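Protein chains: 2
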Amino acid sequence: MITRTLAAFVVATMISVSSYSQTATAFAEDFKPSSLNQPGQEYPQVNSQGYARFRINAPKADSVRVSLGLGGRGGTILTKGADGFWTGTTAGPMDEGFHYYNVTIDGGKFNDPGAKNYYGSVRWESGIEIPAHDQEFYTLKDVPHGHVQQVLFPSKSTGTPRRAFVYTPPGYEKDKSKKYPVLYLQHGWGEDETAWSNQGHANLIMDNLIAEGKTKPFIIVMTYGMTNEVKFGKIREFKIDPFQTVLTDELIPYVDANFRTMANRDNRAMAGLSMGGMETKMITLNKPEVFGYYGLLSGGVYAPEDLNGKAKPKLVFISCGSKERPDGVKKSATDLKGAGYNAVSYVSENTAHEFLTWRRSLHEMAPLLFK
Amino acid sequence: MITRTLAAFVVATMISVSSYSQTATAFAEDFKPSSLNQPGQEYPQVNSQGYARFRINAPKADSVRVSLGLGGRGGTILTKGADGFWTGTTAGPMDEGFHYYNVTIDGGKFNDPGAKNYYGSVRWESGIEIPAHDQEFYTLKDVPHGHVQQVLFPSKSTGTPRRAFVYTPPGYEKDKSKKYPVLYLQHGWGEDETAWSNQGHANLIMDNLIAEGKTKPFIIVMTYGMTNEVKFGKIREFKIDPFQTVLTDELIPYVDANFRTMANRDNRAMAGLSMGGMETKMITLNKPEVFGYYGLLSGGVYAPEDLNGKAKPKLVFISCGSKERPDGVKKSATDLKGAGYNAVSYVSENTAHEFLTWRRSLHEMAPLLFK
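Heads up: the sequence lines are chains G and E, in that order. Here the first sequence is numbered in full-length UniProt numbering, starting from 1 and rising by one per residue. Here the second sequence is numbered in full-length UniProt numbering, starting from 1 and rising by one per residue.
Hints are supplied without guarantee of correctness; some may be wrong.
Quick list of the computed label-pair ranges, beta carbon to beta carbon [unchecked claim]:
1) G/T160 <-> E/E289: 43 to 49 Å
2) G/P39 <-> E/T87: 30 to 36 Å
3) G/A211 <-> E/Q49: 37 to 43 Å
4) E/T87 <-> G/T245: 35 to 41 Å
5) E/F232 <-> G/L140: 27 to 33 Å
6) G/K179 <-> E/T87: 51 to 57 Å
7) E/Q49 <-> G/P154: 32 to 38 Å
8) E/N286 <-> G/K179: 55 to 61 Å
Rather than coming from a laboratory, the hints here were simulated on the basis of the structure. It should be emphasised that the depicted structure is a prediction, and the values quoted were computed from it without experimental measurement. Where a beta carbon is used, it is the ideal one built from N, C-alpha and C, also for glycine.
Take these sequences, add in the hints, and give me the full structure.
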């Protein structure tokens, strides 16, 4: 029952995958290469209003279309110039932040050779970044930086070593006696363990918060949530057990054995975005003795009844974008507070079910953890 | 003078970028998905003889061509089926190991949506793996695994934090008093700091060697060699100074401050593949007091005169594929030995200027370091 309701919510929020701020008829000719372009690539470009312009070389193609734009499924149709390059500009400004996209060339789906790739939609997709007015919080700055470690941990339940990425905060290597709390942070459907550091900038968000003294330093662990074993339309059929076993019986013991962690419930958090929120809810309710802090980022809500009779969480953090279902998120936090729980809601302004919502959510959530 | 000769050698070896074992008229119909495919993708495929088969969806395209195959520049021409998919098989078996490739759709260069991407040729390219008969040495096994850490180190000379990957051997986290030697390991032209762990499997090669007790555990540091600032045809115009400053004045001090290193010449090696070998030669000759072990992998040779009057290296390791210039490599080691240096040459059988040569070279070189 919990699963069904939550899955329905997650699917509903995921449908509004990408939104656009408004329609406009003229745009400023101040386009610059996207910050996510491959080295030396001039296109795609973004202007000061959030319009994106694409340019693809395919001299003998009959049609080239980019999946981003105001035209819904149609995206942006490119037109061919005399030089064989296809160009086009979105019909309006796009939401600030990160967007996945792809390019359809004569009916086949490819990536934009100008852009770097990010794993989403169960494929490596092109990525573009519309500079956000508040991008400072995830900008690479001249501050002390933590490390992101790729680890391969043993997993008897799946029969193969599995990959995780572990963020250790600045200074982790120097004070060899200090121990840290740990956040287990999950990606969404179609993504994998690379998402939170590649498109999420989780490490930079933490580095900047720590440099400003705004959060306690902690470790973040990111692994594949086995989300993509179900089709997008069948998320409600997802069974949590295989991933729960990997996470709680294999990964957590590995992290506690190989990193200087504070290995107890009050110093262990779990959070996830979208379907990773659904996983977070399932696992925290199944294993309330393991995690003390819960976070659902565009990934459903808790009702007070869900938590009844279980070990009380130290904090429940619930967020989404303003273009998703902010009323449900706010109501959940209000209901939880009314029932005596420490609950916080956060709504990311002018964003939808996309990564800027989740970058901001992590930025808001981190200072509240492990207090 | 040194630079010119070396650059000419590197360019010469780089021209034979990819070779093929033989031509054949019939092939075994036992094709399986390449191990480097994106999750769930059936194509590209490889058969037991090393033929590759491609399948690309582009129903309205007029021509689809894959850059790999026996046809030299022509690669493999795909033909369109009734279902709109273009398929084709290489005209012969390919060399064992890793190959970069791309797909030309109606005159534009894209990646194969079925394959994962690897940075080479100054772009993220598709990758395919022809299983090697000796692939065990870089296979992911159920042995203790080291970590690969992404670090962002400060760099005054370039004005921005820079990325490096640091391999720490299994057990690094547990014995907090143990210190390790360090190998600085460089990629080739067109590649970057991701190459040695992504396509090179440097971490798995080390994990397996260490599990078998065949090498002393050591740290490997991989950063971008600033190689792609010059065009491919102008490598002889390359100036080493900017990278030498980053490496010796910024990265090495960062690594020595943040990892448990044995911070002296006798416990510090530098090696590189192709243009990374050229950089290794330049930097070891400019800074003989910094590195005690030198490795050039398909990246030129040392003559005894090069080393005259400088601090003597503990070891010079020189290698290439048998389809490159093995005679030059062997002669260099013989000449160096004749002049009283500890030099070892290695020739990778049946490989060209590609990553299997370099995986094998690392596998041969690692046990010789820091003895």
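Fill in: Numbers of the earlier hints that this structure fails to satisfy, in rising order
3 and 8
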